[in-house]
Amino acid sequence: MAAEALAARFKPGDRVRVMKAYPLGHIRTPYYIRGCSGVIERICGAFPNPEELAQMRSGLPAQPLYRVRFAQAEVWPDYRGGRDDTVDVEIFQHWLDKAAE
Amino acid sequence: MGGLPAGKVERSEHDYAEWERRVDALMVLLSGIKGAQKLLTVDELRKNIEAIGPEAYDRMSYYERWVTSITQTMLQRGVITTEELARKMVEVKHRGG
Amino acid sequence: MSELGKYAPLTYFQLMEVSLRELLVEKGVVSDAEVDAVAADMKSRGFERGAKVVARAWSDPAYKRRLLADGSAACEELGLDIPALRLVVVENTPAVHNVIVCTLCSCYPRMLLGLPPDWYKSRNYRSRVVREPRAVLAEFGTRLPDQVAIRVHDSTADMRYMVLPLRPAGTEDWSEERLAGIVTRDSMIGVALAKAT
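Protein chains in written order, with the numbering used here: chain A, 1311 to 1411; chain B, 56 to 152; chain C, 197 to 393.
Same shape as in the complex, but just chain A:
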């Protein structure tokens, strides 16, 4: 239902940065990825916001959810592994900003 979902601001291939914030509440954006930049791998769809659902609210309008691909070498300062190793994380739109290319 279009009225119940926000429009997607990003598309696959866009470079985005995860907000570096640590609010209280139930958050599904892991600490280790906050502040990191990655590339949108796919749009998963739009889902009710779990941060709101956890507080017994509806979580509507549904938020676009993205799989974002991060280079491990950029996430961990001491990463010892392949240069092409990645970590894919599902992140809700409101945690993402467009990143400089």
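If you are wondering where the hints come from, they were derived from the structure by calculation, not from laboratory data.
A couple of the hints might just be wrong.
In silico DSS-like cross-links for lysine-lysine, where the CA-CA straight-line distance does not exceed 25 angstroms [unchecked claim]:
no.	chain 1	residue 1	chain 2	residue 2
1	B	K148	C	K223
2	C	K317	B	K63
3	A	K1408	A	K1330
4	B	K89	C	K223
The structure displayed is predicted, hence computed values, not measured ones.
Go by the hints and put chains B and C onto chain A.
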């Protein structure tokens, strides 16, 4: 939790006890997964698990944390009251011997 | 009749489970029959559904394409009961190896693989596999050359993930049933490889 220092992964697996399976079943039923009435969201359950303090978290087993969370959620939702829970726990304890 | 000697006294949490369940049954929220049925169902459920999906994908390239494009729809094609499951299947290739984790709790494709093993839910796995996947895989006896990229999938939100393992060499003319027999749970999580033993 991702990225924090931790030890070797212990690969032993345990067979679930009946009470643990029943906790799992309650979670499935109450969250409406099997088409039953949805009385809570997994998000509330996760939030209540996160609310367990770090020391208690480490002392509790996986399903001990889940039964605690489900119970807290039912209390928050008003499906049960603390008085009902207290009376029932006393009753069951005396019955069990 | 005395119940003494039949079982150990209930722990605090076991007491909570019995009490909560009895209250919910008294209030008509759930029935004992429902709880027992769901518990029995999960007990009987192993990873055979996942193995079936993998075997079909190995045998049928068109099905594999559909599976990788829309995991839920492809599973429904096989008559798998996956209510509200949003499934992403990620394919291992000679160049890419995938491994699944849920760092925030222990999300797992239960409808295909059954209940997760203790280690998958453990602090150690969840903390380390996202940061040093090769070291963790080595603890499972799985070593990959540096040229193979490792992709960790952290199922943080609504999707569930399953790995489509690389089909072992020497299985080219095997039936689907025979193929399903070599698909292990650990290969569908990504900590192990499927082998043609």
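Do the hints match the structure? See the list:
For the hint linking K148/B to K223/C, the alpha-carbon distance of about 20 angstroms falls within 25 angstroms, and the restraint holds. Restraint check for K317/C and K63/B: satisfied, since their Cα atoms lie roughly 13 angstroms apart, inside the 25 angstroms limit. Taken as a hint, the K1408/A and K1330/A pair is honoured in the structure, with Cα atoms around 13 angstroms apart against an allowance of 25 angstroms. Simply put, K89/B and K223/C have alpha-carbon atoms about 19 angstroms apart, close enough for the 25 angstroms limit, and the pair holds.
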